[in-house]
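> Using my numbering, the first residue of the sequence shown is number 1, and each one after it goes up by one.
Simulated from the structure, these hints should not be mistaken for laboratory data.
Take the hints with a grain of salt, since some may be wrong.
Okay, derived cross-link-like pairs now, DSS-like style, lysine-lysine, Cα gap no bigger than 25 Å in a straight line [claimed, not checked]:
no.	residue 1	residue 2
1	85	114
2	85	67
3	120	89
4	81	55
5	55	89
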Amino acid sequence: MCHGHAGTIVVAKVAGTDEIIGGYNPLPWDKSSRKHFTSLQETALISILERDDLKVEEIKIWDYIIKWGIAQNPTLPADLKEWTKGNFKALKITLQQCLPLIRYFHIPVEVIWKKMKPYKKIFEEQLWDDIIQHSISPNDPITSLILPARIISNPELPSRIISNPELPSAPELSSRENESFSTIISNENQLFIL
Numbered sequence: 001m002c003h004g005h006a007g008t009i010v011v012a013k014v015a016g017t018d019e020i021i022g023g024y025n026p027l028p029w030d031k032s033s034r035k036h037f038t039s040l041q042e043t044a045l046i047s048i049l050e051r052d053d054l055k056v057e058e059i060k061i062w063d064y065i066i067k068w069g070i071a072q073n074p075t076l077p078a079d080l081k082e083w084t085k086g087n088f089k090a091l092k093i094t095l096q097q098c099l100p101l102i103r104y105f106h107i108p109v110e111v112i113w114k115k116m117k118p119y120k121k122i123f124e125e126q127l128w129d130d131i132i133q134h135s136i137s138p139n140d141p142i143t144s145l146i147l148p149a150r151i152i153s154n155p156e157l158p159s160r161i162i163s164n165p166e167l168p169s170a171p172e173l174s175s176r177e178n179e180s181f182s183t184i185i186s187n188e189n190q191l192f193i194l
């Protein structure tokens with residue numbers, strides 16, 4: 001759900017043209033989307049994880065990535081206590097493109113042990129050591145790359161909704177000089193201009 005409307009995506013459009021260069025759902029993490037999240041293609045997931053503006057706490061991203069990885073391996077036991085080395089290896093291989101995109105060093109210390117330690121076997125040894133070292137002594141140098149924190153603030157932006165009969169065409173939108181906006185298009189044919 002985005003801006004209170006289900007099925008919306010943000011569309012990136014080249015200014016002054018009709019060309020759309022991409023789109024994404026900025027809030028794939030909400031409760032109503034959880035069941036669909038695990039069906040994302042890996043390339044789409046990676047594209048989302050590369051973003052700095054997910055507006056989601058990093059530990060929630062970690063939880064979703066783990067759920068996504070497990071969903072890609074339906075033969076994994078439901079009980080983590082029953083997992084073998086092979087099960088952890090399968091998850092690690094599945095997540096090999098996603099794990100480097102998690103901002104581990106911005107996850108609160110109090111949840112590292114609870115949420116991440118059960119999956120310690122999917123980490124490279126040096127990364128796990130650095131995560132623990134950083135949580136104990138954040139000012140000491142580590143060898144692992146520290147990615148910048150994501151932007152999680154969510155300011156309210158002014159917006160207006162134009163219903164289907166009033167929708168301007170893409171050329172009309174792109175011809176408006178000195179007006180900057182981004183568009184959000186829903187599956188209900190509504191256009192949100194911010």
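> Each hint should be assessed against the structure and marked as holding or not.
A quick look at each hint next to the structure:
no.: 1; hint: 85 to 114; in the structure: 20 Å, holds
no.: 2; hint: 85 to 67; in the structure: 18 Å, holds
no.: 3; hint: 120 to 89; in the structure: 11 Å, holds
no.: 4; hint: 81 to 55; in the structure: 32 Å, violated
no.: 5; hint: 55 to 89; in the structure: 30 Å, violated
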